[in-house]
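Could you build all of it, start to finish, from the sequences and the hints given here?
In order, the protein sequences belong to chains A and B. My numbering applies: residue 11 is where the first sequence begins, and numbers increase by one. My numbering applies: residue -5 is where the second sequence begins, and numbers increase by one.
Among the hints, a few may not be true.
Mimicking BS3-like on lysine-lysine, the simulated pairs with C-alpha atoms at most 30 Å apart in a straight line are [as the list claims (entries may be wrong)]:
#1 Lys0/B / Lys32/B
#2 Lys189/A / Lys37/B
#3 Lys170/A / Lys32/B
#4 Lys25/A / Lys32/B
#5 Lys46/B / Lys16/A
#6 Lys37/B / Lys2/B
#7 Lys25/A / Lys170/A
#8 Lys43/B / Lys0/B
#9 Lys170/A / Lys148/A
#10 Lys170/A / Lys0/B
#11 Lys37/B / Lys16/A
#12 Lys2/B / Lys43/B
#13 Lys43/B / Lys16/A
#14 Lys170/A / Lys37/B
#15 Lys46/B / Lys32/B
#16 Lys16/A / Lys2/B
#17 Lys32/B / Lys2/B
#18 Lys99/A / Lys37/B
#19 Lys170/A / Lys2/B
#20 Lys189/A / Lys148/A
#21 Lys32/B / Lys16/A
#22 Lys32/B / Lys189/A
#23 Lys43/B / Lys32/B
#24 Lys0/B / Lys16/A
#25 Lys2/B / Lys25/A
#26 Lys170/A / Lys16/A
To give an idea of the interface, some chain B residues facing chain A are shown, with a C-beta separation under 7 Å as derived from the structure [unchecked claim]:
#27 Leu19
#28 Asp22
#29 Ser23
#30 Leu55
#31 Thr56
#32 Pro74
#33 Trp75
#34 Arg77
#35 Gly78
#36 Ser80
Hints listed in this document are in silico derivations from the structure and should not be mistaken for laboratory results. Quick caveat, the model's predicted, so the values are computed rather than measured. Glycine included, C-beta positions come from ideal geometry on N, C-alpha and C.
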Amino acid sequence: MWQYEKTLQYPVDIKNPDPALAKVIISQLGGPDGEIGAATRYLSQRYSAPCREVQGILTDIGTEELAHVEMISAILYQLTRNLSMDEIKRSGFDTYFVDHTTGIYPQAASGVPFSADTLQSTGDPLADLHEDLAAEQKARLSYDNILRLVDDPDVRDPIKFLREREIVHYQRFGESLRKVQDMLDSKNFYAFNPSFDKPAKRR
Amino acid sequence: MADNEKQKLLRRLQAVRFAVHDAALYLDSHPACREGLKYFREKRELCEKLTKQYEDAYGPLTASASAAEERFDWVCTPFPWERGES
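Given below as C-alpha cells:
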C-alpha cells in the first residue's frame, strides 16, 4: 500500500526552459537505466528476497525510486514550459513534440519507449542483487553524463542529489548481498538460489 | 511560492523527512544499531512536529491528513511539480 505526499523529495525550481536538455534528461525517466525501471525492478524483485532485511531494502529503495520518477518528471515539465514553436523547432524537441506535445512520456533519449526489457526479476536473490548493484552504477554514470552536458545550476542541483542517491543505494545493496551470502552454508558454497533450491527458515 | 515563510518551513521539513528516510534505509541493513535507532527516533519526532506545523498553516501533505469541513483542501493547494512549490 502506498500513500502520496505532496512534496518532492528534493526541490526542483528551474527558471529557464530548455527543451534540448529535456530531450537528454528524459532518459532518466524511461531509458535503460532510468528511474521507472529502477522502481519496477526493486518492487518486483522483493517477493523472492529470502529475509526481512532485504525485503525491507528493496521495498524502501523501490519506493524512493518512485519519488525520483516524480523529480525527473518535474524537471522535464519545468524545462518545457511556455515554449514557442520556433524554440521547439530550433532545439530539436520537434521530434518529441509531434507525438507528445509537452506531455511527460517515459522514453529514452533515443526515443525508444520505456520497456521492462531493461530489467530482470529472476526469483534468485543473488542474481537479482548483482543486477541491482550494476543498475545503481549505470544510473550513477547516466547522471555523470547528464552533468557533463548541463551548465544550468537550477538543473544540476537536483541531478546531483539524484546521483548521490545512486551511491547510497549501491551501498545498501552491497550490504544486502553480504547478508544473503551469509545465509548460505557449506552445502551451498557455490550459491544456488537460496529462495528456490533451499528455502530459508522464516525469521 | 510567494510566501517566504512557507518555503522556509517546507525546506526544513524536506530535510528532516529525508533524514528519516535515509536513516530507515540504513536501519534496514543495521536493525540493531542503537546509535542509528536513536538518530531515527530524534529525526522522526522532529518530522512529526514540523509536519503538523506545516499542515496546520498550509494544508495537508497527504489526502488522509485533511480535516476539511467545507471544501476538500487536498485539491485546493498546488502540486509540487509547479515552479516554486517544492
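Open item on the list: Need the status of pair Lys46/B, Lys16/A: alpha-carbon distance at most 30 Å?
Closed with: 14 Å, holds
Open item on the list: Given a cut of 7 Å on the nearest C-beta pair, is the interface hint for Leu19/B held or broken against chain A?
Closed with: 5 Å, holds
Task: Interface restraint verdict for Thr56/B against chain A (beta-carbon cut-off 7 Å) - done: With a closest approach of 6 Å, the Thr56/B hint holds.
- [ ] Below or equal to 30 Å on CA atoms is what counts here, so check Lys189/A against Lys148/A.
- [x] Within the cut-off at roughly 23 Å; holds.
Open item on the list: Tell me if the interface restraint on Pro74/B is satisfied: Cβ within less than 7 Å of some Cβ in chain A.
Closed with: Result: holds, 5 Å to nearest chain A Cβ.
TODO: Would you settle whether the hint for Ser80/B is holds or violated, based on the nearest Cβ-Cβ distance to chain A being less than 7 Å?
DONE: 4 Å, holds
Open item on the list: For Lys170/A and Lys0/B, compute the direct alpha-carbon distance and say whether it is at most 30 Å.
Closed with: Distance of about 25 Å is within 30 Å: holds.
TODO: With a cut-off of 30 Å on the C-alpha distance, tell me whether Lys32/B and Lys2/B pass.
DONE: Distance of about 26 Å is within 30 Å: holds.
Task: Pair hint Lys46/B and Lys32/B, alpha-carbon separation not exceeding 30 Å - done: 22 Å, holds
TODO: Would you mind confirming whether the straight-line C-alpha gap from Lys37/B to Lys2/B stays at or under 30 Å?
DONE: The hint holds at about 18 Å.
Open item on the list: Does Lys16/A sit within 30 Å of Lys32/B, going by the straight-line distance between their CA atoms?
Closed with: 27 Å, holds
Task: Satisfaction of hint between Lys170/A and Lys25/A, Cα-Cα up to 30 Å - done: This hinted pair holds, its Cα atoms lying about 17 Å apart.
Violated hints, in rising order: 4 and 18; the structure is consistent with all others.
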